[in-house]
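Peer 1: Let's have the full structure, built from the sequences with the hints guiding it.
Each residue of the sequence shown is one higher than the one before, starting from 37 at the first, in our numbering.
Source of the hints: derived by calculation from the structure; they are not laboratory data.
A portion of the hints provided could be inaccurate.
[As the list claims (entries may be wrong)] In silico lysine-lysine, BS3-like type, Cα no more than 27 Å apart, as pairs: (1) LYS203 - LYS137; (2) LYS257 - LYS189; (3) LYS75 - LYS117; (4) LYS189 - LYS240; (5) LYS166 - LYS257; (6) LYS149 - LYS123; (7) LYS60 - LYS237; (8) LYS189 - LYS238; (9) LYS107 - LYS203; (10) LYS237 - LYS189; (11) LYS53 - LYS123; (12) LYS53 - LYS149; (13) LYS60 - LYS107; (14) LYS166 - LYS233; (15) LYS60 - LYS233; (16) LYS240 - LYS117; (17) LYS60 - LYS257; (18) LYS257 - LYS233; (19) LYS166 - LYS238; (20) LYS137 - LYS155; (21) LYS155 - LYS257; (22) LYS257 - LYS240; (23) LYS155 - LYS107; (24) LYS203 - LYS238; (25) LYS107 - LYS257; (26) LYS123 - LYS107; (27) LYS137 - LYS53; (28) LYS166 - LYS189; (29) LYS166 - LYS203; (30) LYS203 - LYS60; (31) LYS189 - LYS75; (32) LYS137 - LYS123; (33) LYS189 - LYS53; (34) LYS53 - LYS166; (35) LYS149 - LYS75; (36) LYS75 - LYS137; (37) LYS155 - LYS123; (38) LYS189 - LYS137; (39) LYS155 - LYS53.
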Amino acid sequence: MKILIVEDETELCEVVKTFLEGEKFVVETADNYTNGLAKLANYSYDCVLLDVMLPGGTGMQLLAQLRTLGKDDSVIIISAKDSVEDKVEGLGLGADDYLAKPFHLAELLARIKTIIRRKNHQGEQAVQFKNVQLFPDSRTLLVNGNQVMLNRKEYDLFYYFMIRPGKLVTKTSLAEAVWGDDADQSDNLDFIYSQIKNLRKKLKDHRAEIDFQAVYGVGYKLV
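Peer 2: Structural data, given as structure tokens:
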């Protein structure tokens, strides 16, 4: 799962980034309006942490631009002032939540998880497809009730497919989501094949009723 932090306070941005990476998120950052807009226009995120006051513009303007682009990335507005007007404006523009500074990192994490759960799996604790269950909060995979051990990237990749069953996922979008935005600059995406191969073997060994279907030259489907 991938998070974008748009925040010009360097120390705060680094603290939040380090914390979320420790919670197994892929984290990208932008420190001003222009960089934030470029990230939002070119990439997709599970959740965007958007500061209100930014060099070159405001978080509210970025949020408006995001929705104008037709993108539905989840957004948490972060503000130095607990203003009713800011809350109303942010929610009116399509923000999912509002958090006033200073905040506890545990509260931020809880809000991010709630938003992602609501968006990606209708608020349910588990994502299920056939005889396979994925529990995002604990990063646990069960097949027929038996746990399957995954490394970090295997889990992130499999989660991306589990919330998109039957849908074609391109190699580029998969690389961006699991390895970060710079992955789309790679000349070779063969590392994705290796991860898929490992996952297929683990699913087969545990008699999962699902598998990856390759679409030559494009990507994969979970079917």
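Peer 1: Could you run down the list of hints and mark each one as holding or not?
Peer 2: Outcome of the hint check:
no.	hint	in the structure
1	LYS203 - LYS137	violated, 39 Å
2	LYS257 - LYS189	holds, 18 Å
3	LYS75 - LYS117	holds, 25 Å
4	LYS189 - LYS240	holds, 19 Å
5	LYS166 - LYS257	holds, 15 Å
6	LYS149 - LYS123	holds, 20 Å
7	LYS60 - LYS237	holds, 23 Å
8	LYS189 - LYS238	holds, 14 Å
9	LYS107 - LYS203	holds, 18 Å
10	LYS237 - LYS189	holds, 15 Å
11	LYS53 - LYS123	holds, 24 Å
12	LYS53 - LYS149	holds, 15 Å
13	LYS60 - LYS107	holds, 24 Å
14	LYS166 - LYS233	holds, 20 Å
15	LYS60 - LYS233	holds, 22 Å
16	LYS240 - LYS117	violated, 53 Å
17	LYS60 - LYS257	holds, 24 Å
18	LYS257 - LYS233	holds, 13 Å
19	LYS166 - LYS238	holds, 16 Å
20	LYS137 - LYS155	holds, 25 Å
21	LYS155 - LYS257	holds, 20 Å
22	LYS257 - LYS240	holds, 16 Å
23	LYS155 - LYS107	holds, 13 Å
24	LYS203 - LYS238	holds, 21 Å
25	LYS107 - LYS257	holds, 23 Å
26	LYS123 - LYS107	holds, 21 Å
27	LYS137 - LYS53	holds, 16 Å
28	LYS166 - LYS189	holds, 22 Å
29	LYS166 - LYS203	holds, 15 Å
30	LYS203 - LYS60	holds, 25 Å
31	LYS189 - LYS75	holds, 22 Å
32	LYS137 - LYS123	holds, 13 Å
33	LYS189 - LYS53	holds, 18 Å
34	LYS53 - LYS166	violated, 35 Å
35	LYS149 - LYS75	holds, 22 Å
36	LYS75 - LYS137	holds, 24 Å
37	LYS155 - LYS123	holds, 20 Å
38	LYS189 - LYS137	violated, 32 Å
39	LYS155 - LYS53	holds, 22 Å
The earlier numbered hints that this structure contradicts are 1, 16, 34 and 38.
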